[in-house]
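Based on the provided sequences and hints, a complete structural model is requested.
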Amino acid sequence: MLARMDFLLENMNLNERMGSVFHGFIMEQIESDYANFLHSSNDNPYSQYLFFDKLRDSYVWRINTLTEEAYEKIILRLKDINLINIKQKQLSIEVKEKIQPEITNTEKLATEIYSKSNVEKIGIKFLTPTSFKSRGKYENYPRLPLFYGSLMRKINKFSPTIKAGDLEVVDFLSEKTWISRYNLMSTTYNVESVKINAFKGYIYLHIKANDEIKRLIFLFAKYGEYSGVGIKTALGMGGIIVE
Numbered sequence: 001m002l003a004r005m006d007f008l009l010e011n012m013n014l015n016e017r018m019g020s021v022f023h024g025f026i027m028e029q030i031e032s033d034y035a036n037f038l039h040s041s042n043d044n045p046y047s048q049y050l051f052f053d054k055l056r057d058s059y060v061w062r063i064n065t066l067t068e069e070a071y072e073k074i075i076l077r078l079k080d081i082n083l084i085n086i087k088q089k090q091l092s093i094e095v096k097e098k099i100q101p102e103i104t105n106t107e108k109l110a111t112e113i114y115s116k117s118n119v120e121k122i123g124i125k126f127l128t129p130t131s132f133k134s135r136g137k138y139e140n141y142p143r144l145p146l147f148y149g150s151l152m153r154k155i156n157k158f159s160p161t162i163k164a165g166d167l168e169v170v171d172f173l174s175e176k177t178w179i180s181r182y183n184l185m186s187t188t189y190n191v192e193s194v195k196i197n198a199f200k201g202y203i204y205l206h207i208k209a210n211d212e213i214k215r216l217i218f219l220f221a222k223y224g225e226y227s228g229v230g231i232k233t234a235l236g237m238g239g240i241i242v243e
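Position 41 of the sequence shown, counting from 1, maps to 41 under this note's numbering, and the rest follow consecutively.
FYI, nobody ran anything at the bench for these hints, they're computed from the structure.
Keep in mind it's a predicted model, so treat the numbers as computed, not measured.
The reader is advised that the hints may include incorrect statements.
[What the hints assert, rightly or not] Computed beta-carbon distance windows for the label pairs:
| id | residue 1 | residue 2 | range |
| --- | --- | --- | --- |
| 1 | Ser40 | Thr161 | 21 to 27 Å |
| 2 | Glu28 | Glu168 | 38 to 44 Å |
| 3 | Asn11 | Lys125 | 18 to 24 Å |
| 4 | Leu167 | Gly201 | 25 to 31 Å |
| 5 | Asp80 | Leu55 | 24 to 30 Å |
Virtual Cβ for every residue (Gly too), placed ideally from N, Cα, C.
What follows is the structure, encoded as structure tokens:
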């Protein structure tokens, strides 16, 4: 089960680097036992982040969940809030509008993708600072093996029916794809006292493979809209949209 809910916020001194303090608000609102479970998990069954939506002229707080349990214990727990108190910043933020939860699942995503015509190029916009951890270091560039590996791991863990493969699949997809265009900028993201090297912007993936592989890559990317990409997606990093 995949779900999403958007909260449109009163414009204040907000920015996309505040996702970590919004994560703190989530932990205060949900059941303590479930919060403890999430703290002990390596891959969390949800992502959340803050971004400015030009079309709606508002900052949006987006929460995505990857399992039915996470949907019930996070989104349903928060869906009626009208005021967000961020203790660390001494802010009280009014919720202007709530977009009620959108619910789907990996199988429906796959069915929609496989019913479409072939996709040779995929545009991916990184809305919030994104980074990967590799060999003990933060990598602030979307190297394809790290990009695909992050998504594959989350699909394999949280999708009850679809398994995305193993490292050989990651290597194969990376060989069949290249970044044909990009507009990226390096940035940082602070989590407590740690400053993480990261990037924002967009890339276009060009795929040279058969139709099945093209659709698999598109499925990876669409799943990433819910799971986030890279590290610390529960803390506001790695938020993407597929264009």
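How the hints compare with the structure:
1. Ser40 <-> Thr161: 21 to 27 Å: At 26 Å between Cβs, range holds.
2. Glu28 <-> Glu168: 38 to 44 Å: 42 Å, holds
3. Asn11 <-> Lys125: 18 to 24 Å: 21 Å, holds
4. Leu167 <-> Gly201: 25 to 31 Å: 27 Å, holds
5. Asp80 <-> Leu55: 24 to 30 Å: 25 Å, holds
Of the numbered hints listed earlier, not one is contradicted by the structure.
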